[in-house]
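Trainee: Chain by chain, the residues run as shown.
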Amino acid sequence: AQTVTQSQPEMSVQEAETVTLSCTYDTSESDYYLFWYKQPPSRQMILVIRQEAYKQQNATENRFSVNFQKAAKSFSLKISDSQLGDAAMYFCASSNYGGATNKLIFGTGTLLAVQP
Amino acid sequence: SAVISQKPSRDICQRGTSLTIQCQVDSQVTMMFWYRQQPGQSLTLIATANQGSEATYESGFVIDKFPISRPNLTFSTLTVSNMSPEDSSIYLCSAFAGLKNIQYFGAGTRLSVL
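Line order of the protein sequences matches chains W and E. Those letters in the first sequence? Residues 1 to 116, by our numbering. Those letters in the second sequence? Residues 1 to 114, by our numbering.
Be careful, since some hints might not be right.
Below, a list of computed lysine to any residue pairs in the SDA-like style, where the Cα atoms sit at most 20 angstroms apart [to be verified]:
(1) W:K55 / E:S88
(2) E:K7 / W:S42
(3) W:K78 / W:I46
(4) E:K65 / E:S88
(5) E:K7 / W:P40
Derived by calculation from the structure, the hints in this document are not laboratory data.
Put together the whole structure using the sequences plus the hints.
Mentor: Structure (C-alpha cells):
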C-alpha cells in the first residue's frame, strides 16, 4: 500500500524568502506520480506541481520546484520568493501510474504561514 | 484542465437526515472521486465513481451510508445518509482530466450536522 508522510505540521517563512516543505512516501510501484496540492482557506484544492517518477529531472513551475530523490523516496517542495498568497495548507500526494483506480494518497499536510 | 462545480458549498443539517451533494464537470471524464476531509485533517478517499458501473468504496465506507450516482460522464452525486455529528466534514469531489494523470477538485461542501 502507498503511504505519504509529511513530518512538518506547520512552517513559517518571511515574505520574499525561500521555504522547503518535506514529504516522504512509500510505494511498491515502479511507476507513479507525485503531487503537491495547495489548499487555501477557500478549501479549493489547487495543483501546485506534478512529478512523474520515471523522470529524473526535477519538476519546476515558476517559483515552485521539487527535489525528487527516488531512491530515498523523498519529494520536497521549494517555494522561492514567498508571497503572502502562498499561505495555505500544502498536501503531498501520490498515485499509481496508469492504475485501475489512480486514486490519490495524501499526506497529513503542512500549514504554511507567510510573514510580511 | 477541468472546472468542477460542487454544490451546495455548505449546509447545516439535522441528525438523522440525508444530504445529496452534486458535482458537475465541464468536460467528459471517466473517473470521478469523492473525498472526505474531517476538521483539521487530510483527505480520505470515500469511493471511486465510474460511469455505468457501481462505485468502488474504500475500506471503512459503505454504500448504504454514502450512496453514489454517476448517471453520465459529467455528473455525480454523493449522498450522506442518516447523518450524525461525526459526519461533519468537508466533502470534495474530483476528476481526472487530460492525459497527465492530474486530478482536479471542486471547492468542497462544508457539512455541519447538529
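Trainee: A separate judgement is required for each hint: does it hold in the structure or not?
Mentor: Results for each hint:
At most 20 angstroms may separate the alpha-carbon atoms for a hinted pair to count; K55 of chain W and S88 of chain E exceed this at roughly 40 angstroms. With a C-alpha separation of about 14 angstroms, the suggested pair K7 of chain E and S42 of chain W falls inside the 20 angstroms cut-off, and the hint holds. For the hint linking K78 of chain W to I46 of chain W, the alpha-carbon distance of about 16 angstroms falls within 20 angstroms, and the restraint holds. For a cut-off of 20 angstroms, the pair hint linking K65 of chain E to S88 of chain E stands: about 14 angstroms separates their Cα positions.
A threshold of 20 angstroms between alpha carbons decides the hint, and for K7 of chain E with P40 of chain W the separation of about 19 angstroms falls inside it, so the pair holds.
Of the numbered hints stated above, the single one contradicted by the structure is hint 1.
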